[in-house]
Amino acid sequence: MATNASFDAKTGGLEVADTYSAQISGKTVLITGVSPGGIGEATARAFARGGASLIIATGRSKSRVEDLTKKIHAEYPSTKFRNLVLDLASLKDVRRAANEILDDSSIDKIDILVTNAGSQFGNAERELTVDGIETHFGANHLGHFFLVKLLLPRLRAAAKVNPPGATRVISVSSEATSFSPVRFSDWNFDCDKELPDDEKPNWSVLYQYFKMAETSKFDPYVAYGQSKTANALLAVQLNKLFSEEGIYSFSIHPGGVRSTAGINALENAPEDQKATFEQILWKSIDQGSSTTLVAASDPELSPEKGVWLADNKFAEPAEWAVDEKKAERLWKLSEDIIAEKLGH
Numbered sequence: 002m003a004t005n006a007s008f009d010a011k012t013g014g015l016e017v018a019d020t021y022s023a024q025i026s027g028k029t030v031l032i033t034g035v036s037p038g039g040i041g042e043a044t045a046r047a048f049a050r051g052g053a054s055l056i057i058a059t060g061r062s063k064s065r066v067e068d069l070t071k072k073i074h075a076e077y078p079s080t081k082f083r084n085l086v087l088d089l090a091s092l093k094d095v096r097r098a099a100n101e102i103l104d105d106s107s108i109d110k111i112d113i114l115v116t117n118a119g120s121q122f123g124n125a126e127r128e129l130t131v132d133g134i135e136t137h138f139g140a141n142h143l144g145h146f147f148l149v150k151l152l153l154p155r156l157r158a159a160a161k162v163n164p165p166g167a168t169r170v171i172s173v174s175s176e177a178t179s180f181s182p183v184r185f186s187d188w189n190f191d192c193d194k195e196l197p198d199d200e201k202p203n204w205s206v207l208y209q210y211f212k213m214a215e216t217s218k219f220d221p222y223v224a225y226g227q228s229k230t231a232n233a234l235l236a237v238q239l240n241k242l243f244s245e246e247g248i249y250s251f252s253i254h255p256g257g258v259r260s261t262a263g264i265n266a267l268e269n270a271p272e273d274q275k276a277t278f279e280q281i282l283w284k285s286i287d288q289g290s291s292t293t294l295v296a297a298s299d300p301e302l303s304p305e306k307g308v309w310l311a312d313n314k315f316a317e318p319a320e321w322a323v324d325e326k327k328a329e330r331l332w333k334l335s336e337d338i339i340a341e342k343l344g345h
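Heads up: the sequence shown begins at 2 in the numbering used here, then just goes up one per residue.
None of these hints come from the bench; they were simulated from the model. Please note that the accuracy of each hint is not assured.
[Unchecked claim] In the DSS-like style, the derived pairs of lysine-lysine whose C-alpha atoms are separated by at most 30 Å in a straight line are: (1) 11 x 71; (2) 11 x 314; (3) 212 x 11; (4) 333 x 241; (5) 241 x 314; (6) 218 x 326; (7) 241 x 306; (8) 241 x 326.
All chains should be modelled from the sequences, with the hints used to inform the complete structure.
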C-alpha cells in the first residue's frame, strides 16, 4: 500500500524530500554510515535538500565523513552538519559517540534517527568484533540497538514538541530478512548445537538466490540475514515501547543499490553468483535512499498501518521479521549481551 501513488521503485530520495519538505524542514537528523558512494550519502543529501536544519553524520573515517559533508553543505548551505566518528562494531565507541551528542547542549533533540550503516556479506570465515560478537550481528544490530537506547533522551525531547509520530527511528534493513530468522539458540554462530526449526536459515531462498547448499557451518549470507531480521525487529519493539510517546519506528528494504558496498559485493562474489548480483543491483544511491525518506517523513504513515516498507510503500517481509514476541525476546537478549560485555 502506497500513501503517495506517484512514488514507485524508481523514485529517488531527492524527489521524496521535495514532496515532504514541510515535514523535513527544521529537523535534526542523525544518520549512521554516511560514506561516499553509499546510501548514507544520498540520504544525507536528500534530508539537506528537504531543509533539515542539522544533520549529524556518522562514519568510521573522520576525513571521509568531513569531505563528504563539506560537499553536501556546499550544495545546500542552509543545512548545518555535525560530523561524528562512530564505530558500531565497538560498544565502548558507541557509548563514547552517544555521550558526545548528549554532552552537546546545542543538540537538544533528535527528530529523526536513521540506522543506515551496515556490514555487508563479509568474508566466508566468521569474524568477531572487539567485543567478541559476530561482526554482522554486532555492527548491524547490536551497535545500533545500543545507540538508539542511549539517545532516547534526545528522541523523547523531540517527541514532546513534534506532532505525534513525527519523531521517528528508521532501521535500514533488507530483503535479506528472508534468509534467516534470529538464531536465539546460536546468535553468535558458534555452530555447536542443533537449531530449533523456527531458527533455521531459509535454505530454499538462499538456493534460489545464490545456489547455496545447506550447511551447519558459518555462512556470511545467513549471518547477514540474521542481522537484517534483527534490524526489522528493533522497529517492532521500539513501536511497542515508545509509539504512545509519539516516537514511530519503521524498517525498510532499500532495494538492490549500486552503492560502493554493492559494487564491492558484486566484484567479490563467486563467479556463479555474479549474474544474481548484476540482476539485483540496479538502483542508484538516490533511488536507494528514497524509502528511508518516505519512512522518515510521510505524515500518513503509522505503525497501525505497517512497519516495513520497500519501494516507497508498505510491504510484507518474512513473518519472523515482524513477530512481536521475537522482537521482545531480541530486545532482552541485546540488553543482556551489552550488560555482559560492558559489565553493567
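Q. Between residue 241 and residue 326, does the CA-CA distance stay at or below 30 Å?
A. At roughly 11 Å apart (the allowed maximum being 30 Å), residue 326 and residue 241 satisfy the hint.
Q. Does the alpha-carbon distance linking residue 241 and residue 314 stay inside the 30 Å limit?
A. Roughly 21 Å between the alpha carbons, so the hint for residue 241 and residue 314 holds.
Q.
Checking one constraint from the list: CA of residue 11 to CA of residue 314, max 30 Å. Satisfied?
A. holds (12 Å)
Q: Assess, step by step, whether the Cα of residue 333 is no farther than 30 Å from the Cα of residue 241, and give holds or violated.
A: holds (14 Å)
Q | Restraint status (C-alpha distance of residue 218 to residue 326 at most 30 Å) | A | Between residue 218 and residue 326 the Cα gap is close to 27 Å, so the pair holds against 30 Å.
Q) residue 212 and residue 11: Cα distance at most 30 Å? A) holds (28 Å)
(Q) Would the hint linking residue 241 and residue 306 be met if the CA-CA limit is 30 Å? (A) Roughly 14 Å between the alpha carbons, so the hint for residue 241 and residue 306 holds.
Q: Compare the distance between the alpha carbons of residue 11 and residue 71 with 30 Å, and conclude whether the hinted pair is satisfied.
A: holds (28 Å)
In terms of the numbered hints stated before, the structure departs from none.
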